[in-house]
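Participant: Dock chains B, C and D with the ligands against the given chain A, drawing on the hints supplied.
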Amino acid sequence: MSGAVREVNESLAREFGLTAEEYGRVLSIMGRTPSLTELGVFSVMWSEHCSYKSSRKWLRTLPTTAPWVIHGPGENAGVVDIGQGLAAIFKMESHNHPSFIEPYQGAATGVGGILRDVFTMGARPVANLNALRFGHPLSPRTREIVDGVVRGIGGYGNCVGVPTVGGEVNFHPAYDGNPLVNAMTVGVARQDRIFLSAAAGIGNPVVYVGSKTGRDGIHGATMSSAEFDEHALSKRPTVQVGDPFVEKLLIEACLELMATDAIVAIQDMGAAGLTSSSVEMAGKGGVGIDLDLDAVPQREPGMTAYEMMLSESQERMLMVLKPERTDVARAIFEKWELDFAIIGTLTDTGHIVVRHKGQVEADIPLDPLADQAPVYDRPRAELTAPQPLGEIYDPIGLEESLLRLVGTPDLASRAWIWNQYDSTVGGQTVKRPGGADAAIVRVEDTQLGLALTTDCTPRYCYASPARGGAQAVAEAWRNITATGAQPLAVTDNLNFGNPEKPEIMAQFVAAIEGMGEACRALDFPVVSGNVSLYNETKQPDGNAIAILPTPAIGGLGVLEDVSRSVGLAMPQSGTLLLIGETKGHLGQSIWLREVLGRETGEAPEVDLAAEKRNGDFVRSQILAGNVAACHDVADGGILIAVAEMVMAGSSGCRLDVPESGMRPEAYWFGEDQARYLLAVEGDGAACAEAAGKAGVPVRVLASIGGDSLVLPSGATLSVARLRTENEAFFPKLMARQ
Amino acid sequence: MKLRVTVSLREGVLDPQGKAIGHALHSLGFSEVGNVRVSKVIELDVSGPDRAKAEQRGREMAEALLANLVIEDYSVEVSE
Amino acid sequence: MKLRVTVSLREGVLDPQGKAIGHALHSLGFSEVGNVRVSKVIELDVSGPDRAKAEQRGREMAEALLANLVIEDYSVEVSE
Amino acid sequence: MKAGIVVFPGTNRERDMAIALRSVTGVAPVMLWHRETSLPDLDLIVLPGGFSYGDYLRCGAMAAHSPLMREVRDFASAGGHILGVCNGFQILTETGILPGALLRNAGLRFLSQDCHLRVEQADSPFTRHWKKGDVFRAPLAHGDGNYVADVATLDRLEGDGRIAFRYAGSGGVVDAGDAILNPNGSQRAIAGILSENGRVCGMMPHPEDLVDPLMGGVDGRPLFEGLMEALVR
Ligand SMILES: Nc1ncnc2c1ncn2[C@@H]1O[C@H](COP(=O)(O)OP(=O)(O)O)[C@@H](O)[C@H]1O
Ligand SMILES: [Mg+2]
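Protein chains in written order, with our numbering: chain A, 1 to 737; chain B, 738 to 817; chain C, 818 to 897; chain D, 898 to 1130.
Extracted from the complex, chain A is given alone in its bound form (with noise of 0.2 Å):
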């Protein structure tokens, strides 16, 4: 075996991240002990990543279908039926780990993985959203990872040409040596041109295009060994580094092919590059494949098989052809001067051959190696209560409080990062970053528009998973609904610690719960998702502290005519209405943490009757042109939801003294869901009788105009004002060094 120095045995296979039982079968299924390119297969294949050993057993547990949904998980991404003979096309990924290693390398590469499972399916990329979840703001390194993650998201995206339109923000001490960056990607396609990834036609030829393999971050987890090989591997560099160039020139190469019919099935190389793409595809059309390693186009010389079938250099696409159409297919790769190479053929023999110099470096079957790989119902904890919400005073009234939570972390404009983001680009893009509760991109040609939003409340999921699991897809919902969208779907990334630790493992499982029942209450399946577990950093005493459980949920909704959407600036006139029940619940919330310092008592409550009656409601009032503007009630509260729609429209509000006998900060920082405000036109009578008919609390908030917002005791605060407080958080972060 070339470059293969060190013995294959139980050892090595545990350093490759298998256990002692999975080495074991590893043995039986190859009869013999494996090759050392063998064994990175199925190490590989078989890792949480690709495997999803931890989390199968429950995210078949999650709703996944409904008459609108084409395809649901098992595809590169989720398909949905838009209209018009339309589909859009999306799924979220992660990148934590490579962004805390290399923030902008880390977080761009992430981007160019998630464009690439969109296009891979014959979609046009239309739009990018991406979840973050940074540590403290003081936390040493912190600065530089939002610099870098920022700036790496911007610099792919913005070269790539797809716009940036969406996506959120936390800052939480638990992601202190662990940030969070989940990139969503959402594409249309005609529904007649879907392109799936089940290989078929024996004798088909397999083809390579993109960019050269390099030795790009191959087993980052496993291979601490330089010995290995030593010249060759001693410099191993693990981080992958994006080129968005070459992704631009795939994308336009790959459209261009699929509106021939050469294709027969396409994937992209993602995590494990050759080796899951490969055995991805020849698995699922249950043929054989084999590989003829000499022909991948190599940046570097001297490169293993194992080397090859591990890297995970980016930009790269793997294809079955039609054999008489292969000539169409090299002329537009060549024409977009990109690397185009027949590597292999499909077969009859059900195994995958990897040869190499003459050699054979592995030859494994696949029925097997997908069967048998490891799925575990791991042992889970009983789920702990959160520590009582204790004694509620408000110690600095309700201005103050109101100045302070608009300039928190949490809630500050996140101008500085989205002014980044290049939001217009394809010039489709109806409501950008800021500009609604979901961002509106319009169907090119079309009157369709498409709602696209990214949810999640950690610390409702550290107190109660299952609530905040429910949360997160019901706040999904509630804005895309915000902004007069039918919600349809929803993609997942589900971001733990450690699965063995069975605390963690029973935070997965409640969140999974909360989420399929909010997900099946609300019509609203999931079609695509991503799981991201060893979420932990290590402490000095070498204990390791889990992130906060991030069940982080991308939501699609569409308009049947996008001009029907509304934002959430405030207009200059009309009354604004409370729409949905507010008990003042303090649990968990933002006013909680930043003027008493604690985050203690429940997540809120998540009532799926109420989101749904009062949504429908919503909905129906916007289409029906009642509406001038809309914007959900969450993190903070009622007041500062207010607070949001007066500076996003640079107009402001007198509000009205609420009835109720309510403690003041509980009832306008209280974090109730199932909550909207609606600006509407004259003083609100029809609507609010509208929404008695149907069922809907109601009440009068306050009335619209001015440049102030003028608080029930009469204290004024300017718009100007309070955008101070909103926009300086983040230029007084990145200033410091």
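Any given hint could turn out to be false.
What the hints assert, rightly or not - Short derived list, chain C residues pointing at chain B, Cβ under 7 Å:
no.: 1; residue: G829
no.: 2; residue: V830
no.: 3; residue: L831
no.: 4; residue: V855
no.: 5; residue: V858
no.: 6; residue: I859
no.: 7; residue: L861
no.: 8; residue: G865
no.: 9; residue: A869
no.: 10; residue: A881
For the record, the hints were derived by calculation from the structure and aren't laboratory data.
By construction, the Cβ of each residue, glycine as well, lies at the ideal position given by its N, Cα and C atoms.
Facilitator: Only chains B, C and D with the ligands this time, still in chain A's reference frame:
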């Protein structure tokens, strides 16, 4: 004194810039061009008496700010 | 043979990157740092027999593509 | 008006430009691949925004050497009309069709935001639908839009009335030293310039992304309406 810190990508790390420049030079007819790598040179005027000390400080600057050691190497020269 | 083409902003053209680096170094405590300039170095492997010719070609590449003479100067070195 | 849009590898705002031209003129422009060696009969060539060749060496540097750019240069010399936006402006300066150069933004970050432009010269095919001093809004999206030229060139541009647009406040105030009013640090707050004959215009912001009320306004339309009127035949 002048410090000259050269920062280049580590061997094996993809250099999209170099690749694109090589490509462009070929299409301009510079067919003799093979591999192309792009690096950055940061020239700093520094005050202080002693070369060895300046070089040491240059290394500290590189490690602290100028180079991204995850993907880049650096070298320091002192002149004048 | 190796060509090394160094491209730097002309004297008089403001170098925002250099300025920012100088500023950052100061706040990291490198108070001895004065003026900072950032240049690009393009290293090219070239085939061909003769140094003088290589250097000549290097100049041609710089003039044609590698440097924008409106704002940049360049220099060419040959090694090996 | 027959318009053609040049597409380089890495161009990404060609569709935006095509939509804008079509929506104003009613005619879809032709797309021109950078490797072509001849031009069809055209009234207007547009070099759109994007990242030609990744902008890896300098923005627009590699695109400036594309085969079709030779034709574009001849087209300019023959008095043809050319609009270069963003990357297109960078390409025009790299080829020397327009003077000066575009450096990294002064703040060293990519900027994507709306800006306001003050019309400095209304007597050109690109600006005739405005009056001198008019202010309009346009999205900008670039990392290298910091316009520089030597003082003699700047003075000449100014003296000859070849500064088309300057960055300004919404009320029309221009202050080149103010990082908010002049977001990328351009000398004399220059956002767009004209060639000597007034028939080539390069600008950094994107009027083509603001031609539809649905996208937030129609501030960019006058540029295209003026062009259509000037180039009708
Ligand atoms: N949390 C999840 N919920 C639903 N589907 C999921 C989830 N995680 C992964 N999937 C689906 O499993 C399949 C494999 O995922 P993944 O390995 O991340 O895809 P890729 O190979 O594109 O990286 C995809 O179809 C994905 O949508
Ligand atoms: Mg995939």
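Participant: Please check whether C/G865 passes as an interface residue: C-beta within 7 Å of a C-beta belonging to chain B.
Facilitator: With a minimum Cβ separation of about 5 Å from chain B (threshold 7 Å), the hint on C/G865 holds.
Participant: Do the numbers back the hint for C/L861, that is, is its least Cβ distance to chain B under 7 Å?
Facilitator: 5 Å, holds
Participant: C/A869 was flagged as interface toward chain B. Is the shortest Cβ-Cβ separation under 7 Å?
Facilitator: 14 Å, violated
Participant: With a cut-off of 7 Å on the beta carbons, see whether C/L831 makes it to chain B.
Facilitator: 16 Å, violated
Participant: Verify the interface restraint on C/V855: the C-beta must sit less than 7 Å from at least one C-beta of chain B.
Facilitator: Holds. Min distance 5 Å.
Participant: Holds or violated: C/G829 as interface residue toward chain B, Cβ cutoff 7 Å?
Facilitator: Because about 16 Å separates C/G829 from the closest Cβ in chain B, which is outside the 7 Å limit, the hint is violated.
Participant: With chain B as the partner, please determine if C/A881 meets the hint condition of a C-beta pair closer than 7 Å.
Facilitator: 6 Å, holds
Participant: Min Cβ distance, C/V858 to chain B: is it shorter than 7 Å?
Facilitator: For C/V858, the interface hint holds, since the closest Cβ of chain B sits about 4 Å away, which is under 7 Å.
Participant: Holds or violated: is there a CB of chain B closer than 7 Å to the CB of C/V830?
Facilitator: 15 Å, violated
Participant: Should the hint that C/I859 touches chain B count as held when the rule is a Cβ pair under 7 Å?
Facilitator: 6 Å, holds
In summary, the structure is inconsistent with hints 1, 2, 3, 9 from the numbered list given earlier, while agreeing with the others.
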